[in-house]
Each structure stands twice: as C-alpha cells, then as structure tokens.
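Peer 1: Per the UniProt record's numbering, the very first residue in the sequence shown carries number 1; after that it's consecutive.
One should not assume that every hint holds.
[What the hints assert, rightly or not] Mimicking SDA-like on lysine to any residue, the simulated pairs with C-alpha atoms at most 25 Å apart in a straight line are:
hint, residue 1, residue 2
1, K153, Q189
2, K226, G61
3, K320, H454
4, K415, H454
5, K320, F403
6, K170, R159
7, K153, L105
8, K286, V484
9, K222, G152
10, K223, L173
11, K170, F107
12, K115, E255
13, K223, I160
14, K222, S235
15, K286, H486
16, K263, K286
17, K111, I259
18, K223, V128
19, K320, S81
20, K320, K153
21, K226, P162
22, K226, Q103
23, K54, E142
24, K226, E142
25, K115, E94
[Unchecked claim] Derived DEER-like restraints, expressed as beta-carbon distance ranges:
hint, residue 1, residue 2, range
26, E71, A217, 42 to 50 Å
27, R127, E164, 39 to 47 Å
28, E255, D218, 35 to 43 Å
29, P449, Q396, 30 to 38 Å
30, H84, E255, 20 to 28 Å
31, E164, Q396, 27 to 35 Å
Since the hints were made in silico from the structure, they are not lab data.
Treat the numbers as computed from the prediction; the structure is a model and nothing was measured.
We put the beta carbon where it would ideally sit given N, CA and C, even for glycine.
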Amino acid sequence: MFFLSSLSKRNSRVSGLWTRFCGMIPPLSIPFLSPNSHPSRPVSENEVLHERVKSATTPSGLRCISRELFEPLSSVSIVFSTRHLQALGYRNNESRRYFNVLQNLLFDPEKEDVKSLQNMGVRLVERVEREFFTINAVLMREDVPSFFKRMGKLLRPRRILPEELEFTKKMVLWEGSSMFEDPTSLLPQISMSCAYGSQDLKDSLVPFPRVDDEYLADMDTKKVEKFFRNIMQPSHIAVSSLSTGPISTLEDLVERHLIPSLKEWDPPVIRTENRMGAVYQPTVWKHEHLDRSLRQGEHIPPLSHMLIGFPSVGISHEEKYVPFVVRFLLGGGSSFSIGGPGRGMHSRLYQNLLCVHPWIESAFGMVEAGAEEGLIGVMGSAPHEYAPQLTVELLQEWLRLTFDRVSDEELERAKNQLQVQTMQTMEDRANLCDEMGREILVLHEEFSPESMRHSIEQVTAEQVQQCMRNASLSDPIIGCYGSVNHIADDTPAKLGEVIRHSLQLG
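Using the sequences and the hints, build the whole thing.
Peer 2: What follows is the structure, encoded as structure tokens:
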C-alpha cells in the first residue's frame, strides 16, 4: 500500500508502445504463470495452503512475515521504521539525512561482508523513504542463511572514524543534488514535507541535502552513533521474505543472526527537545528558476511547474484507497507519448486540459501518503509565461471533480487502472517483499495483493466526492518551481476562501 504514492503516469510513459500492442491482444488464460503452478505437475492442496502469507513476532518484538512461493529465487527485506524518531526529538528531514548517511556507511563496497554478498550474486537495494529505511536483497534460496549471517555482522555496533564520516557526507550531498534535476518528482515530496513538517518550517523546505544543509554540517561521529542506537531497536524493525521457507525458518534466522547484533546496541536516547506530531499547515514553497537558455539538443523552452495540494488520509485509514482512485480519475499525463485508452486519454485532466490547451506540457493528479497523513492534489507544467494561467486551470479542474458527480463508467475505469498498476508493481518481488514488511511493521496486517484489489473494488462514487470535499475544506499548499511571481505568501489562504465559498454555494 505504501508504494502507491509513487505510482504516476509520468513514470509509465516508457511502456506506451507495449501497452498499445497488448491492448490489441484478447485476454489469454495462461494457468502455468501462476506462482504455484507448473505445466509439468498439478498443484497440491498442501502447496496452496502454504502459499498463504504467515507472520510472527519474536520475543524481542521484531516482526516477521513470510510468503512461500516454491521458487529457487528468494527475496528478503529488512524494514526500519522512522515513525518513533519524532518522539525522540528528531525532525523529519533530520532523520532522513541520518538515514542517507547510514545507507552509505553500512554498504561501503570496501567492506568484506559487502564484498561477500556481491560475490554471492546478491542484488542489494537500499531505499530511504519518508517513513522507512529499507534493505532489500534478491538472492538464491540456498544463500539466504549466509545473507542473514553477513547482515548480522553489518548491523553490529562499531566505531565511526571522522574521515569516514566526512567522505560519506560528500557522497550524500552528491546523491541529493541529483534529485533537483527532476522538478516533477521533487515538488510532491517537498510539498508533503512542508505540509506535515515541524513547527519550524525551514526544516521542511528541502527534503534532499544541498551544499548548505545544516544537518549534515552539524553531524559528527557521536551524533551518528547515537542515531544508530535509536533505530537499531527490534520493536521498530520488520523482516519480510518471499520463497525462503516456512515462517519458522525465517524466525530462526532472525533470532540467530540479527537479534544478537541488535541487542549489542544500547537503549535509545531521548532528547530533551521533543516535538509535536505531524500537523497539516498550508504554506507556499517556491523556487524561482528562469534560465531560458536551451542546452544543446533541446527543442522545448524551460518550464514552470505548479502543484496545488490538500490534506488527505494516510495508509492506516479505513478509506485509504479512495485518494488513489481520485488520482486516477484526475489522470492526465504529458504532451509527449500519452498513449491509448488505458494510459489516461479518457481522464479529466487529459480531456479538459491537455486536449484543449496546447501550451500545457503536462498535467496529472498527485497523491503522497504516509502512515497517518497524506497529500492529494493536482500538478502541471507549462512555459514560464503561462504559469499564472496554469494555476487557474489546475484549480478549476479540482473544483469540477469536487462538485460533479462521478459517473459509473468513469469510476470503474479509474479503479481498473489503479488495480492494473498495482498488480504490475507487485509482479516485482522486491516491491512485494518491501510492502509486506512495511504493512506488518506499521499496520500490523498481513499484506496480500488480492486483498488490496478487493478493497479498491469497494470504493464508491459517494466516497470519492466526500474525499474531495473534506480535502477542500482546508487551505491548500502551493508548490512552484520556475516562474513564481504570481504566487504570494497569502495565496493558500485566498484560494482556500474561494473554494470554501464555492462549497457553501453548492
């Protein structure tokens, strides 16, 4: 469920030709593509029973979840939650910076254990997300015990050298600076960080490290070691696996290799400065970027990017799928390679904006979701001179969906598109394994794609309209990159007043 906030039309444009080609092929029934089926032998009832997801909690509080697929290739995810760090006094972006450093310190390619994992053919992927730090490994089934043994060694307490930390901070700055090359990915994350940041708003303006990053500048070896101590707590860690054997096997590996290493860390240290939980605060984030020079080979002018967002529910809410259905109702895409009926051409933003205004480069719905809170809205791109008009058009489309009743055909199409993208994403074993770990860690639920599909199917038009109206009761958050002169600091309050007045008039 947590992965859904990253699904977007702009991320799927590469598969346009393939999607159109597949759309001409009638549905086929291919039973041997089932994960528990094979053309050479029937599937026993015992195998079907064991295919179900099973979970357990170790005596130390670490949660385990396993799904047996009877395949030689396994996947293991170790998920660290960051949600408890705010109670320990860490700000949102401060903990993100520490995780960026942790990611580079743990998996230094010069370490013997890291080299051993590489020699085993283990594909390691570490991700730093808003509320999680995830380590995912895809490896052969027989190498799973060796993987846990190596990870146990990597997670043990150790002394961090000053020169090692300085080199790592440079690596983090280099990685973070590359994020600013894609404003369409940057704006939703910055807006989410601003909307639910700490009371000191400057903490939330830039979720990616820059050369003037105050947290990296203040970081020393003692602070890093203290942060490590605060996250290496079994009760805030989950281990999920695919095709590694019964849940008892996973429990045994965790107890033998991970728990002893985690117990070597001292108890967490609570800071004297505690902060409030996440509270929505409408604001403006803008970054003026008016460079009109075209680089060699470019044929389009520099663009301004605009986002209008509203508060929404988080993943733990019972109606958590409604905002994602709204996003597919808004739909949209880019003026380049929109694709066919299954890729947005029947959505509202495509029909009402992209097909009507040739100056709009892109327009699409947006959802960012955390465990307890979320952000829903619209965003788009256009040349600098059209930035004010783009803001008006995006707001009008938001209001249309708020007041217009969604037709049955439109709702069914949006739910089908969401289900298809969900199932396609879950085909990747790393995504499925990560999602299982996040769900069991935060929601204490055993995740399965089938249950997600069923929940999406239950979304109604009344829920969609209520979701839009509830979001519109709050002042919006505005994110702008490019031409920003038309956006004032009081713009969210003025837009909020206009929207609420429209709601009163019906």
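Peer 1: Against each hint, give a clear statement of whether it holds in the structure.
Peer 2: Hint-by-hint comparison with the structure:
no.	hint	verdict
1	K153 x Q189	violated (34 Å)
2	K226 x G61	holds (21 Å)
3	K320 x H454	holds (13 Å)
4	K415 x H454	holds (11 Å)
5	K320 x F403	holds (21 Å)
6	K170 x R159	holds (19 Å)
7	K153 x L105	holds (13 Å)
8	K286 x V484	holds (6 Å)
9	K222 x G152	holds (22 Å)
10	K223 x L173	holds (18 Å)
11	K170 x F107	holds (15 Å)
12	K115 x E255	holds (24 Å)
13	K223 x I160	holds (11 Å)
14	K222 x S235	holds (23 Å)
15	K286 x H486	holds (11 Å)
16	K263 x K286	violated (45 Å)
17	K111 x I259	holds (21 Å)
18	K223 x V128	holds (19 Å)
19	K320 x S81	holds (20 Å)
20	K320 x K153	violated (38 Å)
21	K226 x P162	holds (15 Å)
22	K226 x Q103	holds (16 Å)
23	K54 x E142	holds (21 Å)
24	K226 x E142	violated (36 Å)
25	K115 x E94	violated (30 Å)
26	E71 x A217: 42 to 50 Å	holds (47 Å)
27	R127 x E164: 39 to 47 Å	violated (22 Å)
28	E255 x D218: 35 to 43 Å	holds (38 Å)
29	P449 x Q396: 30 to 38 Å	holds (36 Å)
30	H84 x E255: 20 to 28 Å	holds (22 Å)
31	E164 x Q396: 27 to 35 Å	violated (54 Å)
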